[in-house]
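Participant: Here's the letter readout for the chains.
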Amino acid sequence: MDSKSGSAESIYVPDAVQRAAKILVVGHFAVGKTTLIGTLSEITPLRTEERMTQAAAQVDDLRGAPDKTTTTVALDFGRLTLSDELVLYLFGTPGQQRFVELWEDMARGSLGALLLVDPARLADTFPVIDLVETYGLEYAVAVNSFDPYSQHAENELREALDLLPDTPVVFCDARDQKSSAHALITLVRHLLTHAT
Amino acid sequence: MTAPGEEQQVSSGFVRSYVITGGRGLPDAEDLSLVTLVTLAPESQPPPNPGPEVRAIWELCSGGYLSVAEVAGHLGLPVGVARLLLQDLHQQGHLLRRKAPPPAQLVDRKILEEVLHGLQVRFG
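As they're listed, the protein sequences go chains Y and X.
Quick note on the numbering used here: the first sequence kicks off at 256 and runs consecutively.
Quick note on the numbering used here: the second sequence kicks off at 2 and runs consecutively.
Just to be clear, a hint being listed does not mean it is correct.
Stated by the list, open to error - Under the rule of at most 20 Å between Cα atoms (straight-line distance), these lysine to aspartate or glutamate pairs were calculated in the DMTMM-like manner:
#1 K100/X x D89/X
#2 K100/X x D270/Y
#3 K111/X x E340/Y
#4 K111/X x D89/X
#5 K100/X x D32/X
#6 K100/X x E393/Y
#7 K111/X x E393/Y
#8 K433/Y x D270/Y
#9 K100/X x E114/X
#10 K100/X x D402/Y
#11 K433/Y x D402/Y
#12 K111/X x D339/Y
Simulated from the structure, these hints should not be mistaken for lab results.
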């Protein structure tokens, strides 16, 4: 009778699910956001687009653009069913400053953000931290690195990124499910310490 | 497949979207957030002579609940256009929605505890 549920192949959210939560996976270009989402998602990650208008002054001016331009940004996301009643969506969110409209939309209703960092490109992370903090999102730092964890590396990174002492830093391999799940769990534990 | 260029700008043809929405402006995110879960009400009947996008959204949404973002992703439509089509369904009384999540300021402990527990069970 009810062929739409019960199948592991179903694209649909189980019928009993009442609520959906959202966590952002943020970071600079090509830091591994889509990889991490794909590693954790139970569905093949989907891509959609958000279109936004932006003041031309903020854009690389290609050819004497008009007052406003329309930009389309690709969003990749995945899904995790966490209980009979709850699903979690992970949204990869581009870190460019000029996508502020997108960030408003993405931040609304988010539990928090997992900030992916490439230790070799720390400067690229600064504007992303600015955005996360501007929108009042709590976050944890996940260092996408093949190198094993070292206290020295963590200290250097904390200093370079000027992190608060209680901001968690984890080293993870975005291709590895256990490692990526650990990063996500670390974020949620941190969010709990700040929840009312 | 998904190249590391995950933030590449993609162009889906503004003109095409404009035609799909009949030239109307796109609704904002308040009503149908990216993660609002939606499905068609049982026994809904599609409008006569639906356009291809309307037909596709009826087919997709009749199967069960999906988030607004998933509807857009499966249909290959920008989020704003999918929202508009869903809003039409809502106004016609065909759309069922699960309650939208609270805004960030109101994140409650209970949801976080459920998320944490769910992740630990799943990946523990």
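Participant: Indicate, hint by hint, whether the structure satisfies it.
Facilitator: Outcome of the hint check:
no.	hint	verdict
1	K100/X x D89/X	holds, 18 Å
2	K100/X x D270/Y	holds, 14 Å
3	K111/X x E340/Y	holds, 13 Å
4	K111/X x D89/X	violated, 34 Å
5	K100/X x D32/X	holds, 11 Å
6	K100/X x E393/Y	violated, 24 Å
7	K111/X x E393/Y	holds, 17 Å
8	K433/Y x D270/Y	violated, 28 Å
9	K100/X x E114/X	holds, 19 Å
10	K100/X x D402/Y	violated, 43 Å
11	K433/Y x D402/Y	holds, 16 Å
12	K111/X x D339/Y	holds, 15 Å
In summary, the numbered hints that this structure violates are 4, 6, 8, 10.
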